[in-house]
Amino acid sequence: MTGGTIAALREVTQRYGKAVALDRVTLDIPNGCIVGLIGPDGVGKSSLLSIVAGARRVQQGKATVLGGDIADKAHRVAIYPQVAYMPQGLGKNLYPDLSIRENIEYFGRLFGQGKAERDARIADLLASTGLTPFADRPAKKLSGGMKQKLGLCCALIHDPDLLILDEPTTGVDPLSRRQFWDLIDRIKARRPNISVLVATAYMEEAQRFDFLVAMNDGKVVATGTPEALKHQSGTATIEEAFIALLPEADRSGRVALTIPPRPNLDGGEPVIVARDLTCRFGDFTAVDHVSFKIERGEIFGFLGSNGCGKTTTMKMLTGLLPPTEGEALLFGQPLEAGDLQARMRVGYMSQAFSLYTELTVRQNLDLHARLFHLKPADARARIADLIARFGLEEHVDQRAEDLPLGIRQRLSLAVAIVHRPEMLILDEPTSGVDPVARDRFWELLIGLSRNEGVTIFVSTHFMNEAERCDRISLMHSGRVLATDTPAGLVARRGAASLEEAFIAYLEEATKAQTTQEVDVVAPPPPVAHAAPARGFSLLRLTACTIRETLELLRDPIRLGFALFGTAFLLLVFGFGISTDVNELKFAVLDHDRSHESRAYLEEVRGSAYFVEKPPLADYAEMDRRLASGEIDCAIEIPPGFGRNIARGRPTEVAAWLDGARPFVAQTIRGYLQGMHLLYLADPAVAMNPSAEKAPARVEVRLKYNQNFESVYAMVPSTMSMMLALFPAILMALAIVREKELGSITNLYVTPVTRLEFLLGKQVPYIGLALVNFFILFLMALFVFQVPLKGSFLTLLLATVIYVTATTGYGMLISAFASTQIAALFGTAILTVLPATMFSGMLVPVSSLTGLGRVLGRLFPMSYYLPVSLGAFTKGLGFADLGTNLLILTLFVPVLWSLSLMLLRKQER
Amino acid sequence: MTTFLNIFWLGTKELRSFLRDYTLLGLVIYSFSFAIIAQSQSSTQEVVNASVGIVDEDHSQLSGHIARAFLPPYFQTPEPVQERDIVPLMNAGRYTFILDIPPYFERDVLAGRRPALQLNVDATAMIQAGLGATYATQIISTEIERFITQTDTVPAPLINLVVRIAFNPNAQTAWFNSVMGILNSITMLAIVLAGAAVVREREHGTMDHLLVMPVTPFEIAMSKIWANSLVILIATGLSCYFVVRGVLQVPIAGSIPLFLFGSALYLYFTTAIGIYLGTVARSMPQLGLLFLLVFLPLMLLSGSNTPLESMPDWLAKIMRFSPAAHFVSFSQAILYRGAGFEVVWRDFVFVAFAGAVFLVLAMLRFRRMVAAVQ
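Protein sequence lines, in the order shown, are assigned to chains A and B.
For the first sequence, the positions run 1 to 908 when the working numbering is used.
For the second sequence, the positions run 1 to 374 when the working numbering is used.
Calculated directly from the structure, the hints in this document are not laboratory data.
Beta carbons are placed, not taken as given, at the ideal position from N, Cα and C, and that holds for glycine.
Any given hint might turn out to be false.
Stated by the list, open to error - Stretch-level coverage of chain A by chain B, calculated; a stretch enters the list once three of its residues show a Cβ under 8 Å from a Cβ in chain B:
hint	region
1	75 to 89
2	222 to 236
3	807 to 821
4	833 to 839
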């Protein structure tokens, strides 16, 4: 079926806020070949790919993929098994805690493959990518090249007809890159019908593709074979052709970059000296005995793949990381952490943006000028100079997050040199920046080096950038393979180019561990494009469950907190929260000091509830001590108390209570009145002859908890609270985390439905909550000796429904929130208050009014607490608790439906 | 001086990023307005609005008097209940109290036969059950007394006990709960905001960047402390004046500025804890769990929800070291009892000291945290 088009776009426009990512793009993508999308960063390549993959909603225009409208849901569902999508960002759609095999298995299950088929395919894929020996290694411990191969395996597990790869080789060492494209070629050879759509930032790779689409600024600039494009622009390389194709305005300021020779400064001692720098994390050696010297004004490059130790070495040179072994000298001085003087002489640009994206260009520059203590006048001049020199004039009041990548990069550099450092450390400063912007950036660097004598230490994975350095070190797996001038390295290996030379060094270094890539001779497994199960599939749900469970099990800290944290809190609250009021502090203001007054006070003194403090001298002291909370209660006996009693004249005793805590005040009032009556009724006092027997008795029957012990109420209540808060907060981060880290893409482009995804992810948390329940239950029985008087089965059934509802609560927040912070914050605020205040833990639900009542009614704990209390303390069973169970059950479908509504199957 | 300037400028950056995050802003506003109002409407520590059912098998004048004597705000108006429903209704937690007046009760009282009436109390509703039973008993006795005295006079007792409740004469909980609500919000927000500020900075890689500049971890931490504290302090102040005093009409006896000064010290402590947790947690999910583990005991055992006096001895001793308990104690002193600085300065000193301890702990973890990022 070669020939024809596999995808066609008509007038597709895509906007994000004010930014236009795609501007009325019309394009036909030919079938059955490798199509390359080239162009600078941020021109809409990723948007285009994600639309074709069905991951992103089409805003305007029409996109036809595999013979149907991609905006049509039924068509999307039908073609999921035919399309594979590997999003930008190395391993972004992979699960770092899962091993290679587990990652691929997950994708296999999502596509409905049974165990036998899955195993056969995985064995085949692992063998052909050379990953077989590493099948059990977690994805987070893989090198860039291996991650990228794993991504490919995951994409190929279901034998797609259309393979979409978004910048698959960015940040990977040249050897791995070459191997990757060889692998793609072999796949293509095995399955000639497969169409591959790939975006790349490396122009030299574009040469390999069958058909190119050049993009700029949301528009397609040119299409055609590489030869046609070169011919059209009359240039020798694709990179030059691309630049020639750009509109005049974008090419402005582009000059062939010339590097003036480095003046022999004869600076004496080197600016940076590294001697046997070594850094280990546990048993992993990130940097292994690295040594080098960098002279003043030199541009020194570190060339290597992601994860080879470049960043770690740089961190050690900036004092961020203490070296495990070896030493680093900066300006001839040993590097000391916390040496602020040295930092004033160094500028640093980290790989992740060293900018505050929520600040504007000027605010960023101002902030850094202030932190480096530039004098205000000096700072103004310096900032004005930098803005002019770096071409930031028109962006001064834009926020950094709204800037195009290339401009942001320039701002980062401006920020790093605002204090005129003598040395610059730049960690992959141009990663993801288009060639024109990269050239402008390097112009600035060369200017700094040659005109101002700034020493520059830069890391990169671009060959043409490495060629611009005075000297470079080739790095791989934490070791420096070779250090020399670029020309020197090429000469030493007798290679044609620096890339060839590097590959030669890499091959030599990795000979021992070369991955055996077997070209599998056996025919590919039968392509059984069984239509994916429409509607609900238990297999796909299980896939999500298995993955989430594995991830949970691989985070023992989280697991430990969740299980032992609740146990710890139950201990604290079970023993700690008690409503028995005792040890009330009282003091006496006795104006009488008679036998009678002492007899009266004896009632209070003899009470177990009260503790006496030194007596009061006067009212002023009483006020002061009540105000400071030193005493809760003051008892005043009036003058002539004893005499009055003896003569049978009425008299009054006054008690002053601290009303700041109403509960305590009311309790004291109750206690005092009780004692007062006791005193009056005491026959020994015998001064109340008319005291008669009460006309009726009130029999108070304390039901369920005859001894009125807090523990019988507190333990079941605390259990309810724990099972509300912990499952909710665990679940709350489960979905939003995937959104933030990028693996949510797998929901967008695989047949898994939202319901399967949500429920599948919920199951492990329900399981964890049930384990939690059993721990708490056993503690209640054996630690607190709270017997279970009612039906265990009812309690268990209610608990299963309850934790489904509480995890559902977290799920709802997670589906709604876009960042983990918002989810964490929202869950904390929206669950803690209803759980502690409005669900009957401290106040019976029947007494709540107003807003608290509403909040309580909307929280599942209001309905579980009566069940927990009922089963433990009241001895109730299913028949009595049915209503609560029913309401609890209602929460579940409501929460599921709301979460489903908030979770999208496509990105906007 | 440079330290001071660094802290100041870094803090302005914190403020700017906070004000840009509308979700956080919205949650802060919610915590200091609606959440406070909701809490002031619920009573945690006294009998308010207790639900009562009444089984009147007597249908007499006296039983009617007794039923009508249960009045708000302590009790809801009693609802008539059938005798056979007592058990299921109690089981369902529908009523905390059910009063059962037997047949011929009035007749027996008047005949001096001293009949018994039964008060069923749901003893799992700890706070209401205990106090409420005492109240109910008093109400019933008074009512019977009053009924009898229509025909018979009782001499006044020789000694009368006059109870005066200082600072809050009607022992109203709205006062108490609204301020305790503010305390809860302060504790929760300060820990989450400061902790998340550290984790976020680390996840976005800007922490590395800060640490290679001529600023010390101390300055970074202090900038986060003052900026986040300021936001919460402003929210607290507004909440005191507009929500507590304005909407809820709670008369505040003491000086709000003094209370805010104390809150500032407490915020210093809670944000320091937040930063410490931010350095301990490796990811946001871990921070979430750590937060619950620290916040729940801090809040539930601070004395704002249940009295410190009622805790077992060992726990009360431990909680005496909890700055939250000191905060609750001095807030009550200032706001209700009008206490001045001379009364509360010891609490202030203690809270400030606890803040310093956690700040030092956080400092010790800061660099190790950066190393752990790898």
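Consistency of the hints with the structure:
no.	hint	verdict
1	75 to 89	violated (count 0)
2	222 to 236	violated (count 0)
3	807 to 821	holds (count 4)
4	833 to 839	holds (count 4)
Hints 1 and 2 from the earlier list are contradicted by this structure; the remaining hints agree with it.
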